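Novice: So the chains spell out like this:
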Amino acid sequence: MQYQSALNREQLTELAIHSYFGNVDKKNLDQVLDCFHDNAMITVQTAFTTHAGKEEIRRMFIDFMGAYKTIIHKDFSCTVDESNGRITACFTAELEDDDGNWTTLQNTNFWRIRGDRFQEVYIYMSGENPLV
Amino acid sequence: MFEGLFDAHSRIWHGNFVHTADIEAEAICSQFSVEVTPKGADQALRYENCNRFYLRDGKFTRVFVYMSGENLLK
Chain D
274 MQYQSALNRE QLTELAIHSY FGNVDKKNLD QVLDCFHDNA MITVQTAFTT HAGKEEIRRM
334 FIDFMGAYKT IIHKDFSCTV DESNGRITAC FTAELEDDDG NWTTLQNTNF WRIRGDRFQE
394 VYIYMSGENP LV
Chain S
7 MFEGLFDAHS RIWHGNFVHT ADIEAEAICS QFSVEVTPKG ADQALRYENC NRFYLRDGKF
67 TRVFVYMSGE NLLK
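Just so you know, the sequences run in chain order D and S. Per the numbering used here: the first sequence ends with 405, consecutive numbering throughout. Per the numbering used here: the second sequence ends with 80, consecutive numbering throughout.
Simulated from the structure, these hints should not be mistaken for lab results. Hints should not be assumed to be uniformly reliable.
Claimed, not checked - Chain D is nowhere near these chain S residues, computed Cβ spacing over 10 Å in every case:
{"id": "1", "residue": "Phe8"}
{"id": "2", "residue": "Gly10"}
{"id": "3", "residue": "Asp13"}
{"id": "4", "residue": "Gly21"}
{"id": "5", "residue": "Val42"}
{"id": "6", "residue": "Asp48"}
{"id": "7", "residue": "Lys65"}
{"id": "8", "residue": "Val69"}
{"id": "9", "residue": "Leu78"}
Claimed, not checked - If you anchor each label on the Cβ, the simulated ranges turn out as follows:
{"id": "10", "chain 1": "S", "residue 1": "Arg62", "chain 2": "D", "residue 2": "Gly326", "range": "37 to 43 Å"}
{"id": "11", "chain 1": "S", "residue 1": "Ser16", "chain 2": "D", "residue 2": "Ser399", "range": "27 to 33 Å"}
{"id": "12", "chain 1": "S", "residue 1": "Trp19", "chain 2": "D", "residue 2": "Val405", "range": "29 to 35 Å"}
{"id": "13", "chain 1": "D", "residue 1": "Leu302", "chain 2": "S", "residue 2": "Ser16", "range": "47 to 53 Å"}
Remember, it's a predicted structure, so these values are computed and weren't measured experimentally. Ideal Cβ placement from N, Cα and C applies to all residues, glycine included.
Construct the complete structure from the given sequences, taking the supplied hints into account.
Specialist: Rendered as structure tokens:
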């Protein structure tokens, strides 16, 4: 689906990396959800898992933030398609559970923006999906 | 690697592309579907993959592939 967005290159990067991932790492649930439209969809394409609508996305993030005491996303490399309202980032995700076990993933996210928020998010993971 | 892919399958199809094209960074990230039919098999395997291509002078310098199933590029 193609959407209309007026965000420029810097604004797309700010939304995906700072407003979204910055708040995921701080476990700021409300600020994370502010990045999504009410009918947004997240699909973990490598696990054939979809979360449709903000309430499903909220439930998924509550479980994810509760499952790990430390969440770090870093080393972003962004590909930005300003004219189509799309941004992609590859990054390292480091997750520490309550027992001190670390999981490291090399993932790639694709965001499609409608207006100034996420409408569709696709995630490709290098390992087991923690977004269930 | 490509010889192995081509030799192992009677049909290879890539489609449903959605591209994130970044001229400034000389990079393109592509989401797409794949159908491959192994030789001797009746049914195709379906994948939902993405590639990240990084270019210089119009040619690939690095390509990263995520697959939704077993790696076909060995």
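Novice: Please go over all the hints and tell whether each is borne out by the structure.
Specialist: Hints, verified against the model:
1. Phe8: Holds, because the least Cβ-Cβ distance between S/Phe8 and chain D comes to about 22 Å, which exceeds 10 Å.
2. Gly10: 22 Å, holds
3. Asp13: Holds, since 26 Å exceeds 10 Å.
4. Gly21: Given that every Cβ of chain D is farther than 10 Å from that of S/Gly21, nearest at about 15 Å, it holds.
5. Val42: Since the minimum Cβ distance to chain D is about 17 Å, S/Val42 lies beyond 10 Å and the statement holds.
6. Asp48: 22 Å, holds
7. Lys65: 17 Å, holds
8. Val69: 12 Å, holds
9. Leu78: 14 Å, holds
10. S/Arg62 with D/Gly326: 37 to 43 Å: For S/Arg62 and D/Gly326 the Cβ distance comes to about 42 Å; the hint holds.
11. S/Ser16 with D/Ser399: 27 to 33 Å: 30 Å, holds
12. S/Trp19 with D/Val405: 29 to 35 Å: 30 Å, holds
13. D/Leu302 with S/Ser16: 47 to 53 Å: Given range 47 to 53 Å: holds, Cβ gap about 49 Å.
No hint from the list above goes unmet by this structure.
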